[in-house]
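Join the two chains, each given in its own frame, into one complex according to the hints.
In order, the protein sequences belong to chains A and B. Heads up, the first sequence is in the working numbering, so the first residue is 1 and it goes up one at a time. Heads up, the second sequence is in the working numbering, so the first residue is 112 and it goes up one at a time.
None of these hints come from the bench; they were simulated from the model. The structure presented is a predicted model; accordingly, all values stated were derived computationally and were not measured. Careful, some of the hints might be misleading.
[What the hints assert, rightly or not] If you want the footprint, here are the derived chain A segments under chain B, 3+ residues with CB under 8 Å: (1) 20-29; (2) 59-66; (3) 92-98.
[Stated by the list, open to error] Simulated crosslink set (DSBU-like; lysine-lysine; CA at most 35 Å straight-line): (4) K228(B) with K66(A); (5) K301(B) with K66(A); (6) K301(B) with K170(B); (7) K228(B) with K250(B); (8) K69(A) with K250(B); (9) K250(B) with K227(B); (10) K170(B) with K227(B); (11) K69(A) with K301(B); (12) K170(B) with K66(A); (13) K170(B) with K250(B).
Using N, Cα and C, we set each Cβ at its ideal position, and we do this for glycine too.
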Amino acid sequence: MIISSDSQNGVTIVSINGRVDGASAPELEGELSSRIRDGSVRILLDCNEMNYISSAGLRVFLLAAKRCKQAGGLLSIAALQPSCRSVIEMGGFHTIIDCYDSRDEALAANA
Amino acid sequence: MLTFIEEILLLTLDDENGSFLPIRDNTMDYVLAGAALLDLAFTYRIDTDPERLMLIDRKPPGIPMLDRVLERIAGSAEDRTTRDWVETLAREEAENLRESALARLVDQGILEVQDKKFLWVFRARRYPAIDGTVQREVKHRIAGVLLSDEVPDPRDVAIISLADSCAILRSIFSDHGMDSLRPRIDQVRKLDLIGREVAGTIEEIERTMAMAMARIPH
Chain A
1 MIISSDSQNG
11 VTIVSINGRV
21 DGASAPELEG
31 ELSSRIRDGS
41 VRILLDCNEM
51 NYISSAGLRV
61 FLLAAKRCKQ
71 AGGLLSIAAL
81 QPSCRSVIEM
91 GGFHTIIDCY
101 DSRDEALAAN
111 A
Chain B
112 MLTFIEEILL
122 LTLDDENGSF
132 LPIRDNTMDY
142 VLAGAALLDL
152 AFTYRIDTDP
162 ERLMLIDRKP
172 PGIPMLDRVL
182 ERIAGSAEDR
192 TTRDWVETLA
202 REEAENLRES
212 ALARLVDQGI
222 LEVQDKKFLW
232 VFRARRYPAI
242 DGTVQREVKH
252 RIAGVLLSDE
262 VPDPRDVAII
272 SLADSCAILR
282 SIFSDHGMDS
292 LRPRIDQVRK
302 LDLIGREVAG
312 TIEEIERTMA
322 MAMARIPH
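Chain B extracted, bound-state conformation (with noise of 0.2 Å):
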């Protein structure tokens, strides 16, 4: 099984040329730093209320990047919330994470590597899927929660709350649907604690931003 963190890379790749869409760079840090709370509370790790994180089990999961994580809270010595790690694993983990995740995915024969050149100059880096059958499944399971009124799946709800913060939805749906079933999107992501908080500190870094960008005078 793929962990949270492989699974939002993916949808954040273009399937006709590897590239990754467009999503602001801090947004994807906090996604992703999510993404590894959740891989690391699905494996009972680590649990969470609206106060606070709380380790539950240091034993490391035996994926380096996701054991670097548990180590890190592991060896943090007070309580924290979850917004607050976060903000810290997107601040100092999110690069990591995001390189031995697209490793992962390559290891596993999932992606492949295109570094583009141009004038025999280093370009970019695309990572192309090698028969897309992985991100098809992923966007499926998504498909499935958000066009039906079923019980979803925890794993489900927690993909479609971190898709939803870097706002990849539309790459699957088009932007009339993601109209009619935004009622249902917000339904969904608001199950699960770790995808609120990373979506509320996206929100309250856009607002931070809005309101820095009105005072600049025109």
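Bound conformation, chain A alone (with noise of 0.2 Å):
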């Protein structure tokens, strides 16, 4: 897994890139842990080269976004590759987190 950072409009992309699973979901939620301590409480997550996500992504995903509303602010999720929207709306992340089909959607959104 590859994760990268800019910002738009005050809100943090961060893009990740390959399989969030039990082995790379731990420095996925440093990453998000640490940009949410400095105050970056505005984030979308853009998976468009996310292709794997396992139940320890998932609980990342579910964390970070409850850090985030908890310090005023919201996390998205953007871009998702089919399979990984199978399993998001399997389990109903999308009623809690929301999900849009491209990054300018989102950003349009959350503008």
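Have a look at this one:
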């Protein structure tokens, strides 16, 4: 998994490339926790290049969403590939975390 | 921090007298098996997806009842589904998990053991809480999630999912409260894949039993 980030209109965009599983989830959790601690509480996870997510990854998404909301911000997800979207929807995560088809759509909604 | 096995056992004890709430034995076995898998998942020893359960780190967590479960998973030659592991552990490890977790709760000063005797014959063992603080804290966390629309913590999702699988949320909320909370419970419990598999296994068994009962001539 490779994580990169940038910022647009006050939203921190964290792009995830590869697999988010039990081996890589702690790294993603560390990255998101550190950004939230530093005050970046409007986070968009760009999942366009994320090709797998396991339970461990889903827990990281949920925990980060909780921390952002507690800090007065919002975490949202964009550009899920079909296989990952199906895992997210099966667990009903889309009822708790806003999911968008594209990064642009997510940024427009969070403007 | 308590394990999920310990937390769910605490929730299944009657606050007043330390006896176990009426839960069907095999239902509780599946719940304990799921709790063990959740303990291993939250310490990054195993991981799951809708198709399978994977070993990611064979290092023992240092709690004998969990070390033993991890050793079994690590020793398995083939990939298996989460549901398959729930069924295997329920059958073969549940009793050890229950006894070990109760002993740990007693050792930690959370519960005490009371053996009830009738005419000098041992009748039942009870586990009254020493001061009930820990049970109250777990129930408070559950209520905090279910009575709000906040994003739940993954640990709270897991315990709610286990508690709902053995139908003990009614001991926290009234029947009327349960009806109005059902949509939120269903939303939260779905968020955990292991919890979903435990619930699915129990539902399947209940369906099979109901069908078998329906075939018995009256």
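Going down the list of hints, with the structure as the test:
1. With 5 residues carrying a beta carbon less than 8 Å from a beta carbon of chain B, the region 20-29 of chain A meets the three-residue requirement, and the given coverage holds.
2. Given a C-beta distance limit of less than 8 Å, the hint that chain B covers the region 59-66 of chain A holds, as 5 residues qualify and 3 suffice.
3. Look at the region 92-98 of chain A against chain B: 5 of its residues bring a Cβ nearer than 8 Å to a Cβ of that chain, three or more, so the hint holds.
4. A distance of roughly 49 Å separates the Cα atoms of K228(B) and K66(A); the hinted pair therefore is violated under the 35 Å criterion.
5. A C-alpha spacing of about 17 Å is found between K301(B) and K66(A), which places the hinted pair at or below 35 Å, so the restraint holds.
6. For the proposed pair K301(B) and K170(B), the alpha carbon gap of about 29 Å is at most 35 Å, so the pair holds.
7. A distance of roughly 31 Å separates the Cα atoms of K228(B) and K250(B); the hinted pair therefore holds under the 35 Å criterion.
8. Among the hinted pairs, K69(A) with K250(B) is consistent with the structure: their alpha-carbon atoms are about 23 Å apart, no more than 35 Å.
9. Distance restraint check for K250(B) and K227(B): the Cα-Cα separation of roughly 27 Å lies within the 35 Å cut-off, and the hinted pair is therefore satisfied.
10. Taking the CA atoms of K170(B) and K227(B), the gap is about 40 Å. The hint is violated against a cut of 35 Å.
11. For the suggested pair K69(A) and K301(B), the alpha carbons sit about 20 Å apart, so the restraint of at most 35 Å is met.
12. Proximity of K170(B) to K66(A) is assessed by CA-CA distance (about 30 Å); at most 35 Å being required, the pair is judged to hold.
13. Straight-line distance between C-alpha atoms of K170(B) and K250(B) comes to about 32 Å, which keeps the hinted pair within the 35 Å bound.
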